Amino acid sequence: MRRGLIVFGTLVLLWTLIGIVNDQLSGLRVHLFVGGLFVAFAAVALPFRAGFWTVLAGGALCDVGSPLPFGTFALLFAAAQAVLTRMHERLPHGHTIGRVAIALLVNLGLYLVVSFARLRGAPAPGAYWLRALIDLAFSQAAIVLAAPWFFALQERSLAYARP
Amino acid sequence: MAVVWLIAPVALKRFVRASFFEFSAPITLTEARVSELQDYWHLRLHSQRDLIAAGVDLARVDASYALSVQQNAALQNEVARLRQMLRMPAPPHFRLEPAQVARRDFSAWWQRMTIAKGRNFGITVGDPVVFAEGVVGRVAEVSATTAVVDLISSPGVRLAAFFEGETRPVSYQGGVNPSFGPAQGTVDFVPLDISLQPGETRRLVTSGLGGEFPPGLTLGQVDHLEPSGDGLFQTGIVHLNPRLSDLTEVTVLCAED
Numbered sequence: 000m001r002r003g004l005i006v007f008g009t010l011v012l013l014w015t016l017i018g019i020v021n022d023q024l025s026g027l028r029v030h031l032f033v034g035g036l037f038v039a040f041a042a043v044a045l046p047f048r049a050g051f052w053t054v055l056a057g058g059a060l061c062d063v064g065s066p067l068p069f070g071t072f073a074l075l076f077a078a079a080q081a082v083l084t085r086m087h088e089r090l091p092h093g094h095t096i097g098r099v100a101i102a103l104l105v106n107l108g109l110y111l112v113v114s115f116a117r118l119r120g121a122p123a124p125g126a127y128w129l130r131a132l133i134d135l136a137f138s139q140a141a142i143v144l145a146a147p148w149f150f151a152l153q154e155r156s157l158a159y160a161r162p
Numbered sequence: 000m001a002v003v004w005l006i007a008p009v010a011l012k013r014f015v016r017a018s019f020f021e022f023s024a025p026i027t028l029t030e031a032r033v034s035e036l037q038d039y040w041h042l043r044l045h046s047q048r049d050l051i052a053a054g055v056d057l058a059r060v061d062a063s064y065a066l067s068v069q070q071n072a073a074l075q076n077e078v079a080r081l082r083q084m085l086r087m088p089a090p091p092h093f094r095l096e097p098a099q100v101a102r103r104d105f106s107a108w109w110q111r112m113t114i115a116k117g118r119n120f121g122i123t124v125g126d127p128v129v130f131a132e133g134v135v136g137r138v139a140e141v142s143a144t145t146a147v148v149d150l151i152s153s154p155g156v157r158l159a160a161f162f163e164g165e166t167r168p169v170s171y172q173g174g175v176n177p178s179f180g181p182a183q184g185t186v187d188f189v190p191l192d193i194s195l196q197p198g199e200t201r202r203l204v205t206s207g208l209g210g211e212f213p214p215g216l217t218l219g220q221v222d223h224l225e226p227s228g229d230g231l232f233q234t235g236i237v238h239l240n241p242r243l244s245d246l247t248e249v250t251v252l253c254a255e256d
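Chains as they are written, first to last, in numbering that gives the first Met the number 0: chain A, 0 to 162; chain B, 0 to 256.
If you're looking for bench data, these hints aren't it; they were derived computationally from the structure.
Careful: at least some of the hints might be erroneous.
If we take Cβ atoms under 8 Å as the criterion, some of the chain B residues that face chain A in the derived model are [what the hints assert, rightly or not]:
hint : residue
1    : His-45
2    : Gly-155
3    : Gln-172
4    : Glu-248
These figures come from a predicted structure and were not determined experimentally.
We put the CB at the ideal spot given by N, CA and C, even for glycine.
Can you build the whole structure from these sequences, using the hints too?
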């Protein structure tokens, strides 16, 4: 419970920082989505139950301000966490590079799911996909750059929390 | 879990949603305050000479606006007198509520911004949001201290519009938002007899139909129309104001009874 709350605290920090970055990038019409970072660490470093509620709460935070039905991101994140937990033994989760790779793959999957879900309302699918792919490329690059720092922060926060 | 959430009572879903919304509101407001502080210290770096020059410019603009306000009041009186003569119903009244933009979220999926005012200033869902050069969008969600605005560039936003000088409504929809370029929307159901010469642009304005937005507010500019798939109407791209993505202050039009 305590570990889950600490990891959730880092997710709130990530949500705040990514909001500020997206605000600054709005003039360029570039948007970063880092859903993979919300899921990866909690899925590989926390026990299933604690990780599940943490990821669910992180997803609910992403649902705030989104026009999708409330709970969409929470359920998507929880589903990704469940899949990662099931594949836990086969994933290279011990090293930072492995965790970054997991975050990238999860982010790609989540991004494509949401993009397909939003495609129906788009008036020009070609332009929509072009924009979505550019955003995805920037998002993946942002994860590569930020994930090592963020995982270290989460790891350190958990270490401080140990009695 | 998904099934549990789907069959959960609506009241529970609303409670959870409202809880997370209110939980995130102070963070968003803090961001807005930090941004304000940043601007303040940025302005403190200007020399006194710059500030005096800016003050003089502002005084000139203020004088011209004072004259415009008088002319506007005279015109409004005239409009009210003519409406009374023609026994037309009174147009909806709006209270102007300026608000700071706290957070912008312009993705391929949606285009939204969070403003630093909410129910505490009487803002309600559906209120129009404008700025000096036209329409920004409409309020989509409201919390106690913040509100989320759907921009007119967002694919989900649809409005009835007029070409300036026309009285036949056309359909506006937001949606084409290329990276590194200004946002665009689309206009549909344009009658075939409305034409644009090469190099000509026409202003698209709100129609006022439905009473949500006041009539005559700028949505964007259209410079090209082409026949729609069925050949009965025309469609075109609406070029939205590039300032939409850089706004720091907007005005919410709160409906008054």
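Going down the list of hints, with the structure as the test:
| no. | hint | verdict |
| --- | --- | --- |
| 1 | His-45 | 22 Å, violated |
| 2 | Gly-155 | 6 Å, holds |
| 3 | Gln-172 | 6 Å, holds |
| 4 | Glu-248 | 14 Å, violated |
Comparing the model with each earlier hint shows violations of hints 1 and 4; every other hint is respected.
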